[in-house]
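> Going line by line, the protein sequences match chains A and B.
Counted the way my numbering counts, the first sequence spans residues 9 to 368.
Counted the way my numbering counts, the second sequence spans residues 8 to 124.
These are calculated hints, taken from the structure and not from any lab test.
All of these numbers come straight from a predicted model, not from anything done at the bench.
Below, simulated DSSO-like cross-link-like pairs (lysine-lysine); rule was C-alpha separation at most 27 Å, straight line: (1) A/Lys280 / B/Lys54; (2) A/Lys270 / B/Lys54; (3) A/Lys274 / B/Lys54; (4) A/Lys288 / B/Lys107; (5) A/Lys270 / A/Lys288; (6) A/Lys280 / B/Lys107.
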Amino acid sequence: MFIVDCDCHNYWCSATVLEPYMEGLFKDMFVRGERTGPRGAFPHGHRPWFHPEGFARHDVNPVAEDDNYLIMKEKHLDKYKIDVAILTGDEPIEASTLANPYYANALCKAYNDYMIDYWLPKDERFWGSIVVAPQDPHLAAAEIRRVGGHPRVVQVLVSHGAARPYGDPFYHPIYEACAEMGLPFAMHLGGQGGINSTPIGAGPSTFFWETHAILPQTAMTHMASLIAHGVFEKWPELKVVIIECGVAWVPSVLWRLDANYKALRKETPWLKRLPSEYFKSNIRMSTQPLEQPENIQHLWATLEAMDGENTLMFASDYPHWDYDDVNKLHIPPAWREKIFGLNALDVYTRLPRPMAHAAE
Amino acid sequence: MANKHFACKTDEVPADAAKIVTVSNMPIGVFKLDDGYHALLNICPHKGAALCEGPVCGTTRETDSTEFVYDRAGEIVRCAWHGWEFDIRSGEFLVDSSIKTRRFDVSQEGDALYVHF
Numbered sequence: 009m010f011i012v013d014c015d016c017h018n019y020w021c022s023a024t025v026l027e028p029y030m031e032g033l034f035k036d037m038f039v040r041g042e043r044t045g046p047r048g049a050f051p052h053g054h055r056p057w058f059h060p061e062g063f064a065r066h067d068v069n070p071v072a073e074d075d076n077y078l079i080m081k082e083k084h085l086d087k088y089k090i091d092v093a094i095l096t097g098d099e100p101i102e103a104s105t106l107a108n109p110y111y112a113n114a115l116c117k118a119y120n121d122y123m124i125d126y127w128l129p130k131d132e133r134f135w136g137s138i139v140v141a142p143q144d145p146h147l148a149a150a151e152i153r154r155v156g157g158h159p160r161v162v163q164v165l166v167s168h169g170a171a172r173p174y175g176d177p178f179y180h181p182i183y184e185a186c187a188e189m190g191l192p193f194a195m196h197l198g199g200q201g202g203i204n205s206t207p208i209g210a211g212p213s214t215f216f217w218e219t220h221a222i223l224p225q226t227a228m229t230h231m232a233s234l235i236a237h238g239v240f241e242k243w244p245e246l247k248v249v250i251i252e253c254g255v256a257w258v259p260s261v262l263w264r265l266d267a268n269y270k271a272l273r274k275e276t277p278w279l280k281r282l283p284s285e286y287f288k289s290n291i292r293m294s295t296q297p298l299e300q301p302e303n304i305q306h307l308w309a310t311l312e313a314m315d316g317e318n319t320l321m322f323a324s325d326y327p328h329w330d331y332d333d334v335n336k337l338h339i340p341p342a343w344r345e346k347i348f349g350l351n352a353l354d355v356y357t358r359l360p361r362p363m364a365h366a367a368e
Numbered sequence: 008m009a010n011k012h013f014a015c016k017t018d019e020v021p022a023d024a025a026k027i028v029t030v031s032n033m034p035i036g037v038f039k040l041d042d043g044y045h046a047l048l049n050i051c052p053h054k055g056a057a058l059c060e061g062p063v064c065g066t067t068r069e070t071d072s073t074e075f076v077y078d079r080a081g082e083i084v085r086c087a088w089h090g091w092e093f094d095i096r097s098g099e100f101l102v103d104s105s106i107k108t109r110r111f112d113v114s115q116e117g118d119a120l121y122v123h124f
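Bound conformation, chain A alone:
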């Protein structure tokens, strides 16, 4: 079976790997400036929840930088016969938490150059996400145009923690650039700190596991906002990928959006279809971490209600603590080929289609 992993984290041991890709003021800030941790920590506004065990699996313990790839190859890519790994970085999306948009943009640029230079050539299964700092959409758009033409770059990535909902016209320069470069826009769970001060409705929750379970709240807001503001009317070809934000909530939110739109469509006269129809044509959800009810039929009915056969894409979240195993993904058997790989080909249009045939 042809397998695309839509959320494969390329780790580093130390953020100092970015130093060769920085210069001038921002290199000085990066090398000598204050950090949220010892030398090698990536600058970011930290979240108020600390994972009690750290994010990485405890059987993934790189010592030297090259171990990050070698362990991934052995324990993930080769073991599960992954055909395509969409690299999603790790800490760089946290640049979205910084108040200084110029520094945040410089960090993203350094990461993108490092990712293209260091990671993409390592393995023919690797395809890259370029990370942008959405707090200055014009700088982000410029970065998308700077590196978005690289033939092995397949998406633009931000954190789902944000200063305002992603449908806001403030962000539209980013979508203009995505559309121009033919790249999907993806948001990955993260960025819950610093200027992104409202990742949880009603205020900060207390414990890490409690918080992690309800973080999809923010994704609900972004999904509603993208649809309501008519992003998919302005850019009908644009695909938005929501990564690691859960999936079982989607039908209930779509039902609510459709119901409210039917009554009050006059507020948004630029919409021409029901919210759920924009979801089905333009938004894709990554599977991990797929909810696990005691009765699997409860989940499958939910997936059917969101047209999961066509809207879901497999993701492992390697090497994080809530990793999903290819061999144990509990989805309807008839949908496996689409969810494991074929749906991704429609989103990541730079992936050569013959890859799917070659893998069979």
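Position chain B against the provided structure of chain A, taking the given hints into account.
Same frame as chain A, now just chain B:
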């Protein structure tokens, strides 16, 4: 062949709302528009609410940008409960024209209005 049934007098129909009448046990709203009188069943196909007792108003025209063009003033009734918008002339729901409330032909004789069904 439809029969005609007396609904109300013309001066009972306000300019900005429906006159609600009961004809053969059916609740009906009679509206006065620029081109004459119209009548709809006063039962919303959504949840059965008193559709014709909601506000008579206009709405925004479908656009391609963040532009708000207020259009069709006086030609739309919003259901009294959930606000679904219906075209008074056709009875069609604006979001999905396959959903509609029943409409009736209206005729006038002197100051008397009749609905036909």
